[in-house]
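J.: Here is how the chains run, residue by residue.
Number of protein chains: 4
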Amino acid sequence: MPSMMTTEKFDGTITTADQARKMCVIGNRMLANDRVLDAFGHVTVRNPERPDTFFISWATSPAFVTLDDLQLCDFDGNILSDDKRRPYGERILHARIFKARPDVNAVCHGHPSSLIPFFCTDTPLRPLTAGGALFFEGVPLLKEWDPESGVHIATIAAGDSLAEALGNGRAALIRSHGMVTVGDCVQILCTVSNSLVGTAATQYTVLQLGAEPFYLSAGEAEKAVETSLGAIGIERSWNYKVKHIKEIFPDIKDLFD
Amino acid sequence: MPSMMTTEKFDGTITTADQARKMCVIGNRMLANDRVLDAFGHVTVRNPERPDTFFISWATSPAFVTLDDLQLCDFDGNILSDDKRRPYGERILHARIFKARPDVNAVCHGHPSSLIPFFCTDTPLRPLTAGGALFFEGVPLLKEWDPESGVHIATIAAGDSLAEALGNGRAALIRSHGMVTVGDCVQILCTVSNSLVGTAATQYTVLQLGAEPFYLSAGEAEKAVETSLGAIGIERSWNYKVKHIKEIFPDIKDLFD
Amino acid sequence: MPSMMTTEKFDGTITTADQARKMCVIGNRMLANDRVLDAFGHVTVRNPERPDTFFISWATSPAFVTLDDLQLCDFDGNILSDDKRRPYGERILHARIFKARPDVNAVCHGHPSSLIPFFCTDTPLRPLTAGGALFFEGVPLLKEWDPESGVHIATIAAGDSLAEALGNGRAALIRSHGMVTVGDCVQILCTVSNSLVGTAATQYTVLQLGAEPFYLSAGEAEKAVETSLGAIGIERSWNYKVKHIKEIFPDIKDLFD
Amino acid sequence: MPSMMTTEKFDGTITTADQARKMCVIGNRMLANDRVLDAFGHVTVRNPERPDTFFISWATSPAFVTLDDLQLCDFDGNILSDDKRRPYGERILHARIFKARPDVNAVCHGHPSSLIPFFCTDTPLRPLTAGGALFFEGVPLLKEWDPESGVHIATIAAGDSLAEALGNGRAALIRSHGMVTVGDCVQILCTVSNSLVGTAATQYTVLQLGAEPFYLSAGEAEKAVETSLGAIGIERSWNYKVKHIKEIFPDIKDLFD
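Protein chains in written order, with my numbering: chain W, 1 to 257; chain G, 1 to 257; chain A, 1 to 257; chain F, 1 to 257.
Do not take every clue at face value.
[Stated by the list, open to error] Stretch-level coverage of chain W by chain G, calculated; a stretch enters the list once three of its residues show a Cβ under 8 angstroms from a Cβ in chain G:
| no. | stretch |
| --- | --- |
| 1 | 20-28 |
| 2 | 143-153 |
| 3 | 199-211 |
[To be verified] With a Cα cut of at most 25 angstroms, we get these calculated DSS-like pairs of lysine-lysine:
| no. | chain 1 | residue 1 | chain 2 | residue 2 |
| --- | --- | --- | --- | --- |
| 4 | W | K246 | F | K246 |
| 5 | A | K243 | F | K143 |
| 6 | F | K84 | W | K253 |
Derived from the structure by calculation, the hints contain no laboratory data. Virtual Cβ for every residue (Gly too), placed ideally from N, Cα, C.
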């Protein structure tokens with residue numbers, strides 16, 4: 001019997017630096033409002049006019065980021081903008097992922113609390129519901145990296161280790177520290193990030209119960225991803241959040257025009 | 001000794017399509033505000049003027065639904081309204097339940113997080129308090145359905161499987177996915193939906209403790225249902241929420257006149 | 001060495017029916033705002049001008065109670081006011097406690113979720129911190145009562161069973177249902193109610209950890225009660241909440257004059 | 001490879017009594033808004049013009065503290081201000097720590113709920129993430145003190161016991177009661193206090209899972225502390241909160257000028 005689910009793909013392609021800068025601000029605000037980020041963490045967006053660079057805020061909190069806060073950064077972590085404000089120490093995390101993954105146009109790094117049980121132990125994330133299907137092939141956990149970098153990802157070598165751990169995936173965990181998520185646009189990045197946070201919360205809750213969880217089958221996961229990343233899934237959750245964002249951050253209302 | 005509890009029944013009967021459309025909007029807003037629903041999920045209401053059809057929004061979030069968003073749908077999932085907006089892929093879930101259950105006039109489908117432990121494992125829901133008494137006979141868990149449908153209920157066959165699992169009950173769970181609740185009116189649907197969510201949270205909390213739970217007896221459950229679904233229970237919780245809804249969604253204030 | 005804690009007693013004595021009515025409204029709003037109560041539950045206050053009666057709202061939610069909603073009730077649950085609005089079915093719970101406990105001037109009945117593990121299992125509440133010291137002698141759990149009453153306390157016999165279980169204590173639990181708390185004034189009732197809720201949350205959290213809890217000694221509990229029910233404890237928490245109440249419920253601001 | 005993290009130190013030195021009084025008000029509001037404190041708890045600041053005294057509010061809630069509420073207190077708990085308002089019974093806790101720790105200029109005492117599992121059992125706090133690195137050498141738990149003092153720290157002897165338990169550390173727990181945190185300025189005190197609360201929440205969550213936690217190594221902890229207490233860490237979290245504080249407590253906006 002034919003399914004009534006729409007299979008139309010979501011297309012978030014952007015082509016100008018101006019669009020990328022707007023989406024970078026919006027992405028930071030979105031994921032701050034979703035509490036994927038707090039005082040710390042960052043969303044970055046590749047510059048489509050110069051794809052070996054990306055937009056990133058100077059070292060302020062994601063909830064505060066405006067167009068004026070953005071700097072242009074290259075794959076070695078050099079700030080190309082004429083801007084003396086202190087950059088994030090972990091900009092290199094974004095840089096090395098943009099270098100390794102030409103398909104990725106948006107990156108998020110944060111430390112959401114629901115993920116703690118999964119980056120502070122060896123418990124693998126496994127999908128229990130449609131949201132988790134995005135991570136059916138597993139979320140790699142980077143355990144060791146350049147010791148000079150400390151628990152942060154703050155050297156080129158550490159950034160490369162993370163990019164390698166991530167591989168072709170949508171997300172990776174960093175031991176004792178946090179997560180990174182990627183998307184081909186900010187809309188998909190937000191869905192991926194929120195789904196990762198939700199998947200961890202779901203699995204933690206179910207594991208607490210002690211009963212045998214029903215994990216998704218490969219076929220179920222595949223179909224669920226079509227829906228989650230399809231136009232119907234991305235647009236509904238994006239529009240839902242845009243409405244809230246405009247109320248909570250009226251200063252960026254114009255960016256949605 | 002005579003009980004001082006009122007045993008008067010609640011009567012939420014409506015007779016016009018206009019009333020049904022208003023109650024459909026209110027039901028979506030109510031359960032969105034109760035967080036039974038979020039960006040996803042839907043409340044539908046049978047059209048009393050044409051009982052083989054029901055009102056359902058096009059594919060937007062329940063918190064946004066207005067009278068203008070409603071479409072008329074038949075039992076095969078056909079949208080009868082002249083309206084090109086994308087319908088929900090899972091409208092057939094509602095359709096097949098309205099077909100199978102002539103006593104039901106309102107249906108809710110959602111994915112509230114407190115239910116996750118109960119639709120992602122085989123742990124049966126059992127009532128511990130008055131709210132749970134509505135589910136004394138158990139909440140069936142649909143485990144397998146039309147594989148074409150994926151984890152969603154998006155084909156006629158999947159919808160029929162769910163309607164069969166639901167039987168004459170007030171609620172059913174869908175493995176790896178969510179829940180469906182039904183009522184003879186929106187007011188009762190809201191109480192049933194919130195009670196299901198609360199019952200799951202209660203049982204999860206108690207199971208965590210490891211001590212032997214006191215489950216309700218059949219006699220206690222029967223009396224508790226009389227109260228919960230009686231005029232005193234439904235009206236008090238409905239009025240409590242209407243006050244909040246009017247503040248939170250001032251755009252639908254007029255629907256309550 | 002002398003302790004620097006103040007040992008002055010709190011005195012919340014009131015002498016007029018007018019004061020009692022005001023405190024009844026305030027008590028309902030306070031404990032609704034504290035989420036000890038929700039759409040359901042009630043706070044009642046003895047009428048000092050006619051001590052075999054007490055003030056209780058008709059069957060509306062505690063967050064809505066105004067002076068105009070109050071009815072006068074006797075120890076058999078008769079409504080003495082000329083008022084046709086439906087009374088609470090459980091008014092007899094309050095009535096029989098006021099009858100059995102001449103020292104009590106305020107009673108609260110509710111179903112706060114943190115208490116669920118303690119009224120749905122046989123796990124005894126035991127104090128771990130100063131707040132819990134109020135319940136050092138234990139919180140009795142009423143397990144069986146007049147079957148006609150159902151899970152509610154809705155007959156004179158059920159009310160008497162609860163009053164007997166309560167004895168000279170500050171709180172009692174009702175199996176599968178909820179709690180009752182008492183105080184010699186509304187200020188103390190609020191502290192007792194919030195402390196009971198907090199004590200349960202504390203103990204549940206600690207029990208989850210599996211490590212051996214440090215329970216208070218009798219001497220520590222005794223000193224802690226002096227502080228909690230002393231002027232310094234009651235006044236600080238009362239003033240803290242009054243400020244919030246005035247903001248949240250501006251319609252009752254005048255009651256505090 | 002060189003790390004891109006900034007290693008610049010944060011300097012919160014103040015030199016006037018006026019600055020100390022402002023920071024005392026701000027510290028109380030900050031930690032009340034962070035829910036490290038509630039109706040109870042206090043933040044105090046050493047008077048740089050007379051270092052054997054410190055500023056402390058009279059016995060009101062920290063969310064209410066204004067410049068007019070502050071009293072000057074000496075190391076024996078004497079109130080030196082001409083002010084008849086009731087002082088906190090536990091002012092001696094602050095007094096004896098300021099006496100024992102000349103390097104400390106700000107002290108916080110509170111009872112945040114995430115710490116309950118760690119002060120009501122013998123479970124040691126151990127750092128799992130960068131925030132916890134501040135407590136890598138352990139958080140001492142004071143188990144016994146002057147019995148005259150009850151569960152509170154309300155005598156000179158009890159205060160001295162706590163100061164001794166604290167030693168050169170950043171935080172100590174008080175059995176059955178709460179915590180104390182210290183800093184060389186209010187900004188660092190706030191980071192230390194929030195990190196302690198977060199560390200406990202993190203560890204509790206991870207312990208619940210039952211899997212072996214990855215604790216930080218000494219080298220990782222050392223590097224993480226440099227970042228957390230460095231200018232970049234303190235300033236970002238401080239600025240993030242100042243923005244919220246100004247919105248939530250407009251009455252103290254001027255203190256930030």
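J.: For every hint, state whether the structure bears it out.
T.: Structure-based check of all given hints:
1. 20-28: With 0 residues close enough to chain G, the hint is violated.
2. 143-153: violated (count 0)
3. 199-211: With 7 residues in contact (Cβ-Cβ under 8 angstroms with chain G), the coverage given for the stretch 199-211 of chain W holds.
4. W:K246 with F:K246: Within the cut-off at roughly 21 angstroms; holds.
5. A:K243 with F:K143: Violated - the C-alpha atoms of F:K143 and A:K243 are around 36 angstroms apart, more than 25 angstroms.
6. F:K84 with W:K253: violated, 52 angstroms
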